[in-house]
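Chemist: Assemble the whole structure, with the sequences as input and the hints as a guide.
Residue numbers for the sequence shown follow our numbering, so the first one is 1 and each next one is one higher.
Among the hints, erroneous ones may be present.
Claimed, not checked - Calculated cross-link-like contacts (lysine to aspartate or glutamate; reagent style EDC-like; alpha-carbon spacing at most 20 angstroms):
hint: 1; residue 1: K128; residue 2: E105
hint: 2; residue 1: K128; residue 2: D138
hint: 3; residue 1: K145; residue 2: E103
hint: 4; residue 1: K108; residue 2: D143
hint: 5; residue 1: K79; residue 2: E103
hint: 6; residue 1: K139; residue 2: E105
hint: 7; residue 1: K120; residue 2: D138
hint: 8; residue 1: K139; residue 2: E103
hint: 9; residue 1: K141; residue 2: E103
hint: 10; residue 1: K93; residue 2: E105
hint: 11; residue 1: K142; residue 2: E105
hint: 12; residue 1: K112; residue 2: D138
hint: 13; residue 1: K93; residue 2: E103
hint: 14; residue 1: K108; residue 2: D138
hint: 15; residue 1: K142; residue 2: E103
What the hints assert, rightly or not - Derived DEER-like restraints, expressed as beta-carbon distance ranges:
hint: 16; residue 1: K128; residue 2: K108; range: 21 to 31 angstroms
hint: 17; residue 1: D138; residue 2: L98; range: 18 to 28 angstroms
hint: 18; residue 1: T81; residue 2: R116; range: 44 to 54 angstroms
These are computed hints drawn from the structure, not numbers from a lab. Built from N, CA and C at the ideal position, the CB exists for glycine as well.
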Amino acid sequence: MGTFQKKTHEIKRSLHRRARMRRNYFKLIGEEPRKRVTDLDSASGSESDSSPRKPEKDNKKRSTNKKTTNEEKVEPEKKLTGKQLARHNRSLKHHQMLDKQRELENKKRMRKSHSRAMTKTTAKGQPKLGSQMGVLLDKIKKDMK
1 MGTFQKKTHE
11 IKRSLHRRAR
21 MRRNYFKLIG
31 EEPRKRVTDL
41 DSASGSESDS
51 SPRKPEKDNK
61 KRSTNKKTTN
71 EEKVEPEKKL
81 TGKQLARHNR
91 SLKHHQMLDK
101 QRELENKKRM
111 RKSHSRAMTK
121 TTAKGQPKLG
131 SQMGVLLDKI
141 KKDMK
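Modeler: Written out as structure tokens, the structure is:
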């Protein structure tokens, strides 16, 4: 095999791998992909031809589910009097304040642990990369969410 043939084989293999991963991802989520897999994938006779899909039935089920949820939402809510409404609003604000405080405490704790990890050094004063890598990976995971 020449270098050109190797390169084309490598590209085809990576495209097939990407398509397979994409199919598995959509199977896991339970949704159909928005775009069809590339023409290269279908021309080579990959796994997509062997697994039949039934998007019509799924769409029908989803539409009936939407109708039932809309019907459930139509139920009227209870009317609250002035005192009850004020009490309800106070309790909501109190819960929101408590949630904010917990969130701030968690952030403070995380900042403290990250700063400890980032300041670790070797005996010669060089930064320890092992602990810093964990912090950087956490940042990447957080950004991906």
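Chemist: Next step is simple, just say for each hint if it's right about the structure.
Modeler: Here's how the hints hold up against the structure:
no. : hint                            : verdict
1   : K128 / E105                     : 27 angstroms, violated
2   : K128 / D138                     : 17 angstroms, holds
3   : K145 / E103                     : 17 angstroms, holds
4   : K108 / D143                     : 19 angstroms, holds
5   : K79 / E103                      : 33 angstroms, violated
6   : K139 / E105                     : 18 angstroms, holds
7   : K120 / D138                     : 17 angstroms, holds
8   : K139 / E103                     : 17 angstroms, holds
9   : K141 / E103                     : 19 angstroms, holds
10  : K93 / E105                      : 18 angstroms, holds
11  : K142 / E105                     : 18 angstroms, holds
12  : K112 / D138                     : 14 angstroms, holds
13  : K93 / E103                      : 15 angstroms, holds
14  : K108 / D138                     : 16 angstroms, holds
15  : K142 / E103                     : 15 angstroms, holds
16  : K128 / K108: 21 to 31 angstroms : 23 angstroms, holds
17  : D138 / L98: 18 to 28 angstroms  : 26 angstroms, holds
18  : T81 / R116: 44 to 54 angstroms  : 53 angstroms, holds
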